[in-house]
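These protein sequences, in sequence, are chains A and P. Per the working numbering: the first sequence = residues 1 to 632. Per the working numbering: the second sequence = residues 1 to 632.
FYI, nobody ran anything at the bench for these hints, they're computed from the structure. Check each hint, because a few of them may be wrong.
Chain copies aren't distinguished; within one or between two, either way the pair holds.
As the list claims (entries may be wrong) - For lysine to aspartate or glutamate, the following DMTMM-like pairs were computed, each having C-alpha atoms within a straight-line distance of at most 25 Å:
(1) K95 with D14
(2) K521 with D130
(3) K311 with E557
(4) K73 with E334
(5) K120 with E557
(6) K16 with D151
(7) K75 with D12
(8) K221 with D598
(9) K584 with D192
(10) K584 with E336
(11) K485 with D6
(12) K16 with D94
(13) K95 with E27
(14) K485 with D558
(15) K529 with E428
(16) K97 with D14
(17) K569 with E520
(18) K485 with D127
Each chain, written out:
Number of protein chains: 2
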Amino acid sequence: MQFYVDGFRGGDPDIKNAAPNRRDRAEHAPLPEKVDVLIAGTGPAGLCLAAQLAQFPEIDTMIVEASPCNINKGKADGINTRTMEMFQAFGFADKVKRESYWVNQTAFWMPDPENPANIKRIGRVQDVADDSSEMPHILINQARLHQLFLDVMKDSPSRLAPDYNWSVKDVQVDTTTDDYPVTVTLEDTGVDWGVTKTIRANYVVGCDGARSNVRRAIGGKLHGDAAHQAWGVMDILANTDFPDVRQKCLITSATEGNVLILPREGGYLFRMYVELDKLREDERVAERGFGQDDMIAAANRIMAPYTIDVKEVVWWSIYEIGHRMTDRFDDVPEGEAATRNPRVFTAGDACHTHSPKAGQGMNVSMQDTFNLGWKLAHVLQGRADASLLHSYSAERWTEAKRLVDTDHEWARIMSAPPGESELDKGDEPRFVRAFKDNLEFTGGLAVKYDPSKLIGAATHQALATGQEIGRRFHSAPVVRVADAKQMQLGHLALADGRWRIYAFAGKDHAPLHALANWLEKDPASPVVKFTGQDEDIDALIDLRAVFQETFDQLAYEDMPSLLKPTKGKLGLQDHEKVFCVDHKGEGDFFDMRGIDRDQGCMIVVRPDQYTAHVLPLDGFDALSEFFDGIFR
Amino acid sequence: MQFYVDGFRGGDPDIKNAAPNRRDRAEHAPLPEKVDVLIAGTGPAGLCLAAQLAQFPEIDTMIVEASPCNINKGKADGINTRTMEMFQAFGFADKVKRESYWVNQTAFWMPDPENPANIKRIGRVQDVADDSSEMPHILINQARLHQLFLDVMKDSPSRLAPDYNWSVKDVQVDTTTDDYPVTVTLEDTGVDWGVTKTIRANYVVGCDGARSNVRRAIGGKLHGDAAHQAWGVMDILANTDFPDVRQKCLITSATEGNVLILPREGGYLFRMYVELDKLREDERVAERGFGQDDMIAAANRIMAPYTIDVKEVVWWSIYEIGHRMTDRFDDVPEGEAATRNPRVFTAGDACHTHSPKAGQGMNVSMQDTFNLGWKLAHVLQGRADASLLHSYSAERWTEAKRLVDTDHEWARIMSAPPGESELDKGDEPRFVRAFKDNLEFTGGLAVKYDPSKLIGAATHQALATGQEIGRRFHSAPVVRVADAKQMQLGHLALADGRWRIYAFAGKDHAPLHALANWLEKDPASPVVKFTGQDEDIDALIDLRAVFQETFDQLAYEDMPSLLKPTKGKLGLQDHEKVFCVDHKGEGDFFDMRGIDRDQGCMIVVRPDQYTAHVLPLDGFDALSEFFDGIFR
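Sequences are here, hints too, so could you generate the full structure?
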């Protein structure tokens, strides 16, 4: 962590200095008349976006929520490795790692062939493949994650907090102006129930769930159909003789259905998904009268000969699997993209819904708004043209589609009776095979954005074979030269809206020095062109160097000046730009990620941690051209 | 982390449920008339003790401080690996690791033989030897550590907070009673300045620094002398061309003296200790008029040809090296131990002072009260006889003496001009050699308590050659069987006043099962004898098992019942008692710590993480006898 750059200040370094121009949040202070961004809904998508935008106090962000406060329990609980990497950028991954359940192994149970009325463990799979991510796959109460985002907001320069008890009732866009063109009608859901208030916004983001009013207002419709398969979910404190209750388990009984066990934080709590029976086409789940006792009874039948003795049901719900999504994630009608930029967006459940069992929904929702956040910041800071915002729907719709398709397939696999599916072939049960095949996907690591203005062509991909353009930058160990600290290179990425260029030195250091000097001084350099006069030199594009020598073989004093810039109010030198391979054997970054040892390369990484480009160290023109396509 | 054992409760799991009988801390609520423990002083020693005792709401603890609030900056900054292990038990090691500077390498600079007016790097030493501890050696603002302890207190069941603006003026012990025999006179240092108030306590702990009133009241005198060597210390934000400014550096110039550089948290701040010149015998440091400018000038002379451009002096001080200690750390006069138990203790600077340069003072102070805390708790909970408290002075005085001696030697080494000391011999400069020789000591890892009622005889030491009786339990990787989680075995130790028995299974599992069954059921078992009827079975003695197989070779369902106890209000099963060696190759505990693979063994660990005993798995009588010597 870096702090004190503007002078010493005691206390918790996660609490940033408050910006003087922030909104007055004193009791009885009025709501603002105009905001830059209005976010509807304080679920994971909304809070992730709010936490991101809160870092930019010059952007007026408002987040409204119809409920009176944060939730306390229930809802989603799965955080995949990719989301944990994002939490690292927000600064609370360590906290989550400490208090969450880690999914280390997934166990599979099926009917015992010798006694099909009883289940039997048929195998286990390591849940996070070695070196697929430096992060664990974890499970934790969704409410707690909300709180961690709320803490980031509270501690940010803008001291952002939700406006509770306000629901977004309507959204109208005036396409003839750029002066707060979106009019939002809020309805009081608290003591002044029903009172409405209008706020004008430059942008509105609907993170208001599957029944989104924002989606409805921009004419979005969820397509697809529910699979009419009812599942019950319950978070319980219970004792059992089932030996794998502290491992993620997929359990298939011969005749009673399926159970999914997800152990949870704290060592005692766990979640069970219990398959209930098929519903009729015209039947609504709520009408069936299923309750927690039905679920507990079903679980005991499915898990025979083991029994579950429930001591406390913390939360439960019954739901139908639905896989649905909208045609687009913004308000620009098809065919009008050339003449009109988006003003209203939807994210998370507001534009795509899934079955919860692959543990993807909450993750994809947050990744939606992590994709959108830096783009909104770029536009509102005047760094990029508003047309940049088209890329949100373009990039995220494709991923949501892939998720819906995969999820649909997975639900089909899980619901079919064992041995009676066309999918059963070979020695390995279908769900073990499907589970293994899906691990990269369920880890959130399969996302790959198509080439665009924001994603370069793969011309020089061979210089970094393990860092695929369009996919997330894959961290690996390095050592910081100035203080010989072992760390993860990917952890340099903070949720601060900045771009990173990782320059990997080849055998000869001269090309890297030339790149640093060009970036610092050449009129064609994006650093020179696009960094504001009052800004630190790394405020927009942050160069870091990685050498293949060990720290004690390098002379820190010889590093180019862009790698030792002076910053902040005091003009203090930054010592955290120069890295090298790990001298203690944790792994050589160049080997682990296929970096060309002879030529080196540079890797351009977006503010959302996705690899935007791989270029040779002397690829000045291509680099210049790439950023010219984004910034103005 | 384990939580929800008494039922689900949302929010931050570090915030414990508040105890109903805790002190009323509402505004204008009166101070208590009587307390079990009164702590004087909110430095590291006092806060560490308060944070420990705060876990036991049945113990009325009060901590007073003459200042109006926590400090903001300055004072000590070094936390050695041993103290980090203790922070792990308090739950904030991860937080400290995240925001602190890590001392990875120490660099040594001496006059360049070819140009003695300039300094030159002569070598580097890895600061924390491999596998000496799983923790880093770190540097951080002392004020921040105070806050982390204050947070632990605030979040504890007793919601303990300091009573600021009260200084302890006098302490009187009535040796004729056991009914709150200590009378403490407090003096208001706030708005009612000078007003006094009397409080009666069962125990008083003076953590009130080098000028301790508590020490004075019990007739303690600091012996030893100041070395009359003046050093300046300053925490600065500065730029420099000195390349190692982000590494710990010991710098010796030819004629200008010595500098010690300690980089600090945040990436920009660093501390410099600058040697000033000798003082006359009769001269007080304060009279010399040294100031920050003198220090900066001296540093620039010493570090030539490099220069330091100071942008902000955050804090500075001038001090003389002093190595002094008292004859005893409690109020029992020599020769009266058999007839009188201690009622008043001193800890930290109140009973031993040191030069700050080896970074030991703050660490030893906290280790003092971590040693005392569980003993006070045992006595006040009625578990142990009050004579247990004699062991505090016995154990800690010996360690303090060793520290003073080592520190004195180190100061002598650092102050002698290079090449002019009788200590210079061989190829390696004296301070590099001394530094290396001292690493285990400066890490806080050399502490070894002598055999006593609390430290068993080394009869069976051969069963665990890497876990020396009397030294701190040395952690190593294991895997938790229930959920296949890789972790550090030592991290099971929380600051909760409990004893741990780690049972390592030999080739045959039967002896471990026999031990578990004996502990659970035999009338001679300390678990049976000393655990309260209303307490969880592991409330006092916590058995954990470690197997040399990997997790998938073990059947969790076959484990003895004491390793799967039911606990808490709901009677929930604890799944976190059974461990095995790491299946992913992080290291085999049995190999790393010399555990006898054939016979196994049990290791008894005290609440302060010190290894109290090593016994064979069937050493029932010896185990019974050991605990009979402590509990009643």
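Hints versus structure:
1. K95 with D14: both (12 Å within a copy, 11 Å between copies)
2. K521 with D130: neither (42 Å within a copy, 43 Å between copies)
3. K311 with E557: This pair counts as between: shortest inter-copy Cα distance 20 Å, intra-copy 64 Å.
4. K73 with E334: Classified as neither; 39 Å inside a copy, 59 Å across copies.
5. K120 with E557: Result: close only across copies, 13 Å inter versus 63 Å intra.
6. K16 with D151: Both ways: K16 and D151 sit 11 Å apart in one copy and 19 Å across, limit 25 Å.
7. K75 with D12: So K75 and D12 pass the 25 Å test across copies only (18 Å; inside, 31 Å).
8. K221 with D598: neither (53 Å within a copy, 68 Å between copies)
9. K584 with D192: neither (63 Å within a copy, 59 Å between copies)
10. K584 with E336: Neither: 56 Å inside a copy, 55 Å across copies.
11. K485 with D6: within (24 Å within a copy, 41 Å between copies)
12. K16 with D94: Both: 18 Å inside a chain and 20 Å across chains, each within 25 Å.
13. K95 with E27: Classified as neither; 31 Å inside a copy, 33 Å across copies.
14. K485 with D558: Within one copy only: 19 Å inside a chain, 44 Å across chains, cut-off 25 Å.
15. K529 with E428: neither (57 Å within a copy, 52 Å between copies)
16. K97 with D14: Classified as both: same-chain Cα gap 17 Å, cross-chain 14 Å, threshold 25 Å.
17. K569 with E520: within (20 Å within a copy, 64 Å between copies)
18. K485 with D127: between (29 Å within a copy, 11 Å between copies)
Figure legend: structure checked against the earlier numbered hints; hints not met, in rising order: 2, 4, 8, 9, 10, 13 and 15.
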